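Protein chains in written order, with numbering that gives the first Met the number 0: chain A, 0 to 246; chain B, 0 to 341.
Any given hint could be a false lead.
Calculated Cβ distances over 12 Å to all of chain B for the following chain A residues [to be verified]: (1) A25; (2) M81; (3) P226.
In silico EDC-like links for lysine to aspartate or glutamate, alpha-carbon gap of 20 Å or less [as the list claims (entries may be wrong)]: (4) A:K168 <-> A:D91; (5) A:K233 <-> A:E114; (6) B:K125 <-> A:D108; (7) A:K168 <-> A:E133; (8) B:K125 <-> B:D146; (9) B:K125 <-> A:E48.
If you're looking for bench data, these hints aren't it; they were derived computationally from the structure.
Treat the numbers as computed from the prediction; the structure is a model and nothing was measured.
Quick reminder that beta carbons are idealized off the backbone N, C-alpha and C, glycines included.
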Amino acid sequence: MTDQVAVNWPQIRNVGIDGLLVSFGARLNEPANRAALAFLDALERDGPEGIEESSTSLVSTYLRFDPVHMDHARLRASLEHMLTARDWYAADLPTGQRLWRIPTVFGTDLAPQLEDAAGVAGLDPDAAIRSIAETRVRVQTIGFAPGQPYLGELPEVWNIPRQTRLTDKVPAGALGLAIRQMVLFSVPTPTGWRHVGQTAFPLFRPEAEQPFVLRPGDEVLFTPVTPEDLENMKADADGGAVWEALQ
Amino acid sequence: MTTGLIVHRAGPGLTIQDRGRPGYLRFGLSRGGAADQLALAEGAALLGQSMDCAAIEMAGIGGEFEVTEDCRIALTGAPMRASMDGARLAWNASHALEAGARLSIGAVEAGCYGYLHVGGGICAPKHLGAMSVHLAAGLSQPLAAGDRLALGADPHPGVTGYRLTPVPRFDGGTVRVAPSLQTTLFPEAERARFETTAFRRDTRGNRMGVRFVNNGDGFHSEAGLSVLSEVIVPGDIQITGDGTPFVLLCECQTTGGYPRIGSVLPADLPRVAQTPAGASLGFRFVTPEEGIAAETSERRDRGDLHRRIEPLLRRAEEIRDLLSYQLVSGVTAGTDREFSEA
């Protein structure tokens, strides 16, 4: 996919007065996603001093600095230097990834938009569930709400738009689907993503040693279970989810 | 930590707030902290204590409080009607609060967020490095009647009776906007119209962000709604599907797909947070260089807040106290020595 990468990328843009964004593409694609993660890693290892915070979104790396004490132009120049130092699109994924199997109720009252989503995709509900459950999706980024993963990529048939009207509220643990991606919601929220599955997997655990469970690069399988099974799994700290190390 | 503050009555939006918890953006958690960081700094200056002390943020309406030992309080941010055992207390001032006395704080008279500071600061368990309640993330809860809060060690017990004239920011006005990553997605004519439009603060708003509405057409970018989700920072002005601007505040989401026309300067965010529903607010673009200059000057002003503290005017019968106080403290109130950090 590297040949998709247009000549004007990567780009560096201002984020307000105290941030810079290094973007590796205009659209979500895997090399750009890996490049953003690898660039974040490099910034942490041997990036310029004075960076106060950094993060990644789908295809970009963000960094915040103190605009009063840091020279904007110099910082930008050192980022440009880092960008030319190697082919970021060829970077490997971060190490230490895990494969999670997360029990999920598809459809029913717990996830009332599975049939709607299947209909838009032109699948019958059983085929839709099979298609989602058999696809190993990867955490592309964590964002929007604490610990909340954006997961992809689903087969092309799932290239369905968001709803034009927002759903007033989906609960924590809801699995939303749109544009070949899924979001596992960490807090109750209004959303345009269709609510196709429901899990009991807590993504944000403020009291735990690891408050944020999933990491970019982790892979996930959403395993179909019945509402009764899910109810029983609520007592489990991981909502019945299990993981194994990858590689 | 034996001194405590008892909450007898709590409005619905009372939360413990400090400077927030930066550093968790990559995990999807925004910084949070006091919606009006300047009010936090003003309280710290009035009490001569660290800006890291936590205070009680009161959205719209206050509550009733009591302390178990004599202590000092300061009231800042949106002015609210406050009294101690029925006697009116000045806002933007520090006061002695005697053990057992009833502190009553009513509704805002302007602005949105008032702050109750206590000498030594509020002590609450830290989560992820801060005491701040983050409502959107479900991190801790608002205060409720019956809560008892521990207080830190007061660096200057007994030193009260000061006031500070706040920078006016409680009735809308104009805020400065820096260009941001998606500004150029909006045609120049659309940006110019944005600058000359008078907006009203909508009733929809909270610590995550506030919506502004205008008469006439909404605002539209050339990218429509197909922008890739990107990082969001407090101050970002996102233009939602119906063309209305939504200014994101301290508890905002960390990424989002609505295009953003610009980002309100950090120095002007207190004004956005404090603009009450119905008040008018305008936006004016500045260059990045002007934005950085504004931030430099804002930090200098915040560092100098303690120099702007002056004695509250006192009634004749209290002159005695004032004189004895001046003997104790040196020459004038608010000298560097007295209010330097311990």
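Comparing the hints with the structure gives:
1. A25: violated (7 Å)
2. M81: holds (18 Å)
3. P226: holds (24 Å)
4. A:K168 <-> A:D91: Cα-Cα ~37 Å, so violated.
5. A:K233 <-> A:E114: violated (25 Å)
6. B:K125 <-> A:D108: violated (38 Å)
7. A:K168 <-> A:E133: violated (27 Å)
8. B:K125 <-> B:D146: holds (17 Å)
9. B:K125 <-> A:E48: violated (28 Å)
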